[in-house]
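Going line by line, the protein sequences match chains A and B. With our numbering, letter number 115 in the first sequence gets 115, and the count goes up by one each step, no holes. With our numbering, letter number 204 in the second sequence gets 1204, and the count goes up by one each step, no holes.
There are no misleading hints in this set.
No more than 25 Å apart at the CA atoms, straight line, and that leaves these computed lysine to any residue pairs for SDA-like: (1) A:159 x B:1134; (2) B:1070 x A:14; (3) A:206 x A:156; (4) A:206 x A:257; (5) A:159 x B:1147; (6) B:1129 x A:90.
If you are wondering where the hints come from, they were derived from the structure by calculation, not from laboratory data. Here the structure is a predicted model, which is why all the values come from computation and not from measurement.
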Amino acid sequence: MITASHVVKTYTAPDGTPVRALDDVSLNVDRGQIFGVLGQSGAGKSTLIRTLNLLERPDSGTVTINGEELTALSDNELRAARRRIGMVFQHFNLLGSRTARGNVELALEVAGMAAAERRRRSDEILDLVGLGSRAESYPAQLSGGQKQRVGIARALAAKPAVLLSDEATSALDPETTASILDLIKGISTELGLTVLLITHEMDVVKRICDGVALIEDGRILEQGGLVDLVSTPGSRLARQLFPLGPLPEGDADTVLDITFSGGSADRPVISQLARRYDLDVSILGASIEHLGGKQAGRTRLELPGPAAIHRDAIAGLRAQGLLVEVVRGGAE
Amino acid sequence: MIDMNAPQFWPELFEVLWVGLLQTLQMVAGSLFFTIVIGLPLGVLLVTTERGGLLERPFGSRALGSTINKVIDFVVNLGRSVPFIILMIALIPFTRLLIGRFIGTDAAIVPLSVVAIPFFARMVEIALKEVDGGLIEAGQSLGASNWQIIRKVLVPEALSSIVLGTSTTITSIINFSAMAGVVAAGGLGDVAIRYGYQRYSWPHIVAVIIVLFALVMVLQGLASLLSRRLAHRRSGERMSRAIQLAGGPES
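Modelling step: build the complete structure from the supplied sequences, incorporating the hints.
So this is what it looks like as structure tokens:
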């Protein structure tokens, strides 16, 4: 549904040096998916989302949305294509001179819809985002969460197939963030909408995303389904999702990170390990999350004693289908 | 010297004052019309042809955008730097070319517009620059054309500030119109000079000052009210201050 292929975007910094904001970025989002691009500020995610509807034109590479190669369109065709791609913004970007309804109708005016039809559609979409009663309010009279609901209504008014969300919840408090994310998820399911969102918050990804890409210094480091990435050895996303803290001092014992996902999360793996190999297992850290309705987690264990036993124990764990990473120790 | 004790003094003063007020209002209304019609597009062009602006590349050419921007900027600076009394005289041939004469209230509208257009264009420029770039981006993301963004986003969002700028512009026009007596345009300034200064009648001076002061006060009040209503925000002071800081033109 959304495909970016080898996108490069370079800026010139004020001192004249070129800055590579996007370095050969390729991305694929399936129809109906909610896909998160996760990265720190300055990683290039803002530039990335703006190249997807060509608010920023990439230096090279192509962007294809809904079967249309946007990078190959004329200005007029591009404007028409943008009407089929909604976008919501971190700071809402609502027109202060228009009411909530007026803001929604802007999208429809641009699309050339007649006044009566605009009114009907704006009522419908404001009801959908739960703001039916505030249609005549100006943005200054609305709370942050309500403003973002207007932003979402405006983005969806012209019935786009794709929604781009540029840090839509970063300016909101945690409770409002949750309600806006649930709204996006609900609308995505109801309308079969494909959503690409960028965020610096892992919580946003955990709450609603099916797929995720990790971006750093203008490069995509990892991408794929959320549950798949978690069970991929060495995944940086998994490390960020399940933080286990720093390693303990000293290097005598073996330290393992075990990733549980799917069914393995329910089995008493650690007590079995302790009993079968007669090991005094210490748990150094653990983190459990619900992803896509399934439990997943990571545990960091310390195994004392001779390395030979550790080798057997590790092989035993792997035989159960667990992802085991040896963080320290001579077992491998 | 005028006889202040003559029975006809006060009725005549009011008569002269009334005629002067009407002439001033005629000059202000006429030049304001042309100022807005020409100055608003110029202000929009000043902002949009800047680097990174909407019309940065008209017809795909950055050179054209940059040239338009520099030319307008130059003309606006030129217009603002020439003292009005000199500009008015220098424009006599232009006025005659345009409307066939250079004397009278109507004719004064030409130089008054010429001086007010650059001033107003700057006011519009300042007001438009206050509009958050995110709103333009939002318009673009909805598939709006540049013209739609100017008409539906940029100008409406800046309207509250533009109204304040308009009121400052009107005050300047009133100010300049006081010199229009030089081309026999009449007006309140002319009353003050002919009666007050040349015939030593202080009541004329005082009366003119009172009428002008009342005029400007009413105008400012109305503009502030209108601006606040247009702003639809809880605190609308930020924009008005930017306009005030811009100050008036050199006279």
